[in-house]
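Visitor: The residues making up each chain are set out below.
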Amino acid sequence: MTKRGKAGVTVCSTAFETLGRAQARALGNAGLPIAVIPHPFGSRTREEVREIAQKCAEQIAALVSEGAK
Amino acid sequence: MRAAADAATTFEVPDDLEAINRLYRERRWGDGLPIIPPTAERVERMLCGTPRARHDLVAKIAPGYGAATVERIAVNAVLAGCEPEYLPLLIAATGAVAEPQFNLQGMQATTNPVAVWLVINGPVAQRLGVNATFNCIGQGAWANATIGRAMRLILQNIGGALPGEMDRATHGQPAKYTFCCAENEAANPWEPLHVERGYARGESTVTVVGAEGTMNMNTHAKAGAELARVIAETMVHPPSNEYVHGGEPWLILSTEHADIFKRMGWSKNDVKRELWERSKMRAGRLSAKEMERARASRTEELGSLTADTMLPISTSPDHVYFVVAGGPGTHSVYVPCFGNTRAVTRAVGD
Chain C
1 MTKRGKAGVT
11 VCSTAFETLG
21 RAQARALGNA
31 GLPIAVIPHP
41 FGSRTREEVR
51 EIAQKCAEQI
61 AALVSEGAK
Chain H
1001 MRAAADAATT
1011 FEVPDDLEAI
1021 NRLYRERRWG
1031 DGLPIIPPTA
1041 ERVERMLCGT
1051 PRARHDLVAK
1061 IAPGYGAATV
1071 ERIAVNAVLA
1081 GCEPEYLPLL
1091 IAATGAVAEP
1101 QFNLQGMQAT
1111 TNPVAVWLVI
1121 NGPVAQRLGV
1131 NATFNCIGQG
1141 AWANATIGRA
1151 MRLILQNIGG
1161 ALPGEMDRAT
1171 HGQPAKYTFC
1181 CAENEAANPW
1191 EPLHVERGYA
1201 RGESTVTVVG
1211 AEGTMNMNTH
1221 AKAGAELARV
1231 IAETMVHPPS
1241 NEYVHGGEPW
1251 LILSTEHADI
1261 FKRMGWSKND
1271 VKRELWERSK
1281 MRAGRLSAKE
1291 MERARASRTE
1301 ELGSLTADTM
1311 LPISTSPDHV
1321 YFVVAGGPGT
1331 HSVYVPCFGN
1341 TRAVTRAVGD
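Top to bottom, those sequences are chains C and H. Heads up: the first sequence at position 46 corresponds to 46 in this note's numbering, and the numbers run straight through without jumps. Heads up: the second sequence at position 197 corresponds to 1197 in this note's numbering, and the numbers run straight through without jumps.
To be clear, the hints were calculated from the coordinates, so they are not data collected in a lab. For glycine and all other residues, C-beta sits at the position ideal for the given N, C-alpha and C. One or more hints might be untrue.
Claimed, not checked - Which residues of chain C face chain H? A few of them, derived with a C-beta cut under 8 Å, are:
hint : residue
1    : PHE16
2    : GLN23
3    : ALA26
4    : GLY42
5    : VAL49
6    : ALA68
Based on the provided sequences and hints, a complete structural model is requested.
Guide: Quick look at the structure:
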């Protein structure tokens, strides 16, 4: 997406961050922006999920702005 | 295809087995067991097992998408202790795991313990001495042990699936060290697996299966219906990827159990149908979260799911597979699959 001029951010949980970064490197995109949320995710309450989503949205916005510079 | 840029790298190291194994341990190039050093001479000898050019690209291996050239496959075959004549089988298996329907990306990077199980059919099994009888998925046969081990090393060293890094398995399973056997075709009362999958009886094949584990079933049942019932009841388990996604369950039927079905006059398809029908599970047995996942995965196939929906283990009886293998005894094995995967069979070349 980034190559096509669109902003792209991958979201993954802490348990998969290592995988995400390693695979991004392996596929030649070491700088892939990744927003990271805490793991586990599925067992959270709605309130906790809202809080995580809020923080994640801020992280995504920051990563997109950084990429635009 | 040629991938000269992906030629294997050589290292100068002291001619000392312990030092070389230390290097492999430090660099995480092994599976935790001692390796045979892949010296230039040993790799050359291994390459004599195939007429294919050393830099031919066989496949790109997820999740790192490393280039599995003939040479790199040969290096891992040496590490595992393989004989040169095993190389064509490993080349075929490497091509098979990279087929999209096998979903290697999902398997290599998942928290699931899934291992790659290699099932060998045709004349190559006997020629290489791949065990299909006593203890065929246990220890003791050089071909079974080293071919399965080489497959794992290819997945890890070329595919980049290092435990705790890109391999995210929560526990893994012992079969991730090695999992390879042949079908006991001589004792199979039906057509062998590779014939069922479209190959001639005289062809040699390797079938790769995404196996979540092995569950032994010891039953002295003597009637086909009763035997089918207890096997089907073993297949039913609520925390199962197969019921959530519509999987592809596998069974290793002992020759004694296969004979019971055959004596009842059941064809292979009859056994598949019976197991498929009897292993349907009430969707209400799933946890609420798994019910959500099953709805996301299977609504198109089954319509709206309710607690009373009877979930089939796979989308059709055709997706229940079994191989006949093992020595005498009243044991068969259920091999649940990863769920989002389909087995792939490839002919073994020269």
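Visitor: Hints first: check each against the structure and report whether it holds.
Guide: Structure-based check of each hint:
1. This hint holds: PHE16 (chain C) has a C-beta 6 Å from the nearest C-beta of chain H, less than the 8 Å allowed.
2. A distance limit of 8 Å between C-beta atoms decides the matter here; for GLN23 (chain C) the minimum to chain H is near 5 Å, and the interface restraint holds.
3. A cut of 8 Å between beta carbons decides the hint on ALA26 (chain C): the least distance to chain H is about 4 Å, and the hint holds.
4. A hinted interface residue such as GLY42 (chain C) counts as satisfied when its beta carbon comes closer than 8 Å to some beta carbon of chain H; here the least separation is about 6 Å, so the hint holds.
5. Checking VAL49 (chain C) against chain H by beta carbon gives a least distance of about 14 Å; that is not within 8 Å, so the hint is violated.
6. The interface hint given for ALA68 (chain C) is violated, since its Cβ lies 29 Å from the closest Cβ of chain H, which is over the 8 Å cut-off.
The structure fails hints 5 and 6 (numbered hints given earlier, in ascending order).
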